[in-house]
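**Student:** Listed below are the residues making up each chain.
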Amino acid sequence: AQSVTQPDIHITVSEGASLELRCNYSYGATPYLFWYVQSPGQGLQLLLKYFSGDTLVQGIKGFEAEFKRSQSSFNLRKPSVHWSDAAEYFCAVGPPWGKLQFGAGTQVVVTP
Amino acid sequence: GAGVSQTPSNKVTEKGKYVELRCDPISGHTALYWYRQSLGQGPEFLIYFQGTGAADDSGLPNDRFFAVRPEGSVSTLKIQRTERGDSAVYLCASSPDSQTGELFFGEGSRLTVL
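Residue numbers (my numbering), protein chains in the order written: chain A, 1 to 112; chain B, 1001 to 1114.
Isolated chain A (complex conformation) (with noise of 0.2 Å):
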């Protein structure tokens, strides 16, 4: 069965101060991994997605995930936030088609 863990519900980062988020996953084959975020007001937005190749992936808003098989973590970086980076972020699994499974989500909260 897959899932998908993001051990922090909630984050406080200064903005200009570097952010992780955490995703464990489990899943039977080969991962497909995303990163989604959820803005008040907004849709669900791809940040980025890995399928094979390099595991540190680069995406939209300066953000970058690493792949890393032997941890089954895809966690999130971001070198410098913004206080326009205050959102929910969801890491995800799933196959390429869409059937993807959602972690519970990790708050962000940016302070000045």
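Derived from the structure by calculation, the hints contain no laboratory data. Careful: at least some of the hints might be erroneous.
Claimed, not checked - Pairs of lysine-lysine, DSSO-like flavour, derived with a Cα cap of 30 Å:
#1 A:68 / B:1078
#2 A:49 / A:61
#3 B:1017 / B:1078
#4 A:49 / A:68
#5 B:1011 / A:99
#6 B:1017 / A:99
Quick caveat: nothing in here was measured; it's all calculated off a predicted structure.
Please build the complex by placing chain B on the supplied structure of chain A, with the hints as guidance.
**Tutor:** Okay, now just chain B, sitting in the frame of chain A:
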């Protein structure tokens, strides 16, 4: 508009009533998905259409839930005999095909069953 459009944005109904939620995907997108998001949870898969047919409906919780996409574009999620536990935000997403892995989500329809 250019994005996925969902109507209504909010729906309040009484237990036992019938509800329809509509999704208008991005033009040209062949794949369409319905997810449900309960408070404090991530989206939960319900059903996936490729064209007019339901390619995977394994996430529908029971036979009170049904979805159609008769012309391969607009989709309607239908819930019969609503229950309080059906209260959630129902999300629709579309994709240009079933292999890119990128889903474009609408803002959702918030359903409240009293």
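**Student:** For each hint, tell me whether it holds in the structure or not.
**Tutor:** Going down the list of hints, with the structure as the test:
1. A:68 / B:1078: violated (41 Å)
2. A:49 / A:61: holds (14 Å)
3. B:1017 / B:1078: Measuring from Cα to Cα gives roughly 11 Å; hence the hint holds.
4. A:49 / A:68: holds (14 Å)
5. B:1011 / A:99: With a Cα-Cα distance of about 26 Å, the restraint between residue 1011 of chain B and residue 99 of chain A holds, given a limit of 30 Å.
6. B:1017 / A:99: holds (29 Å)
Going down the numbered hints, you'll see the structure goes against just number 1.
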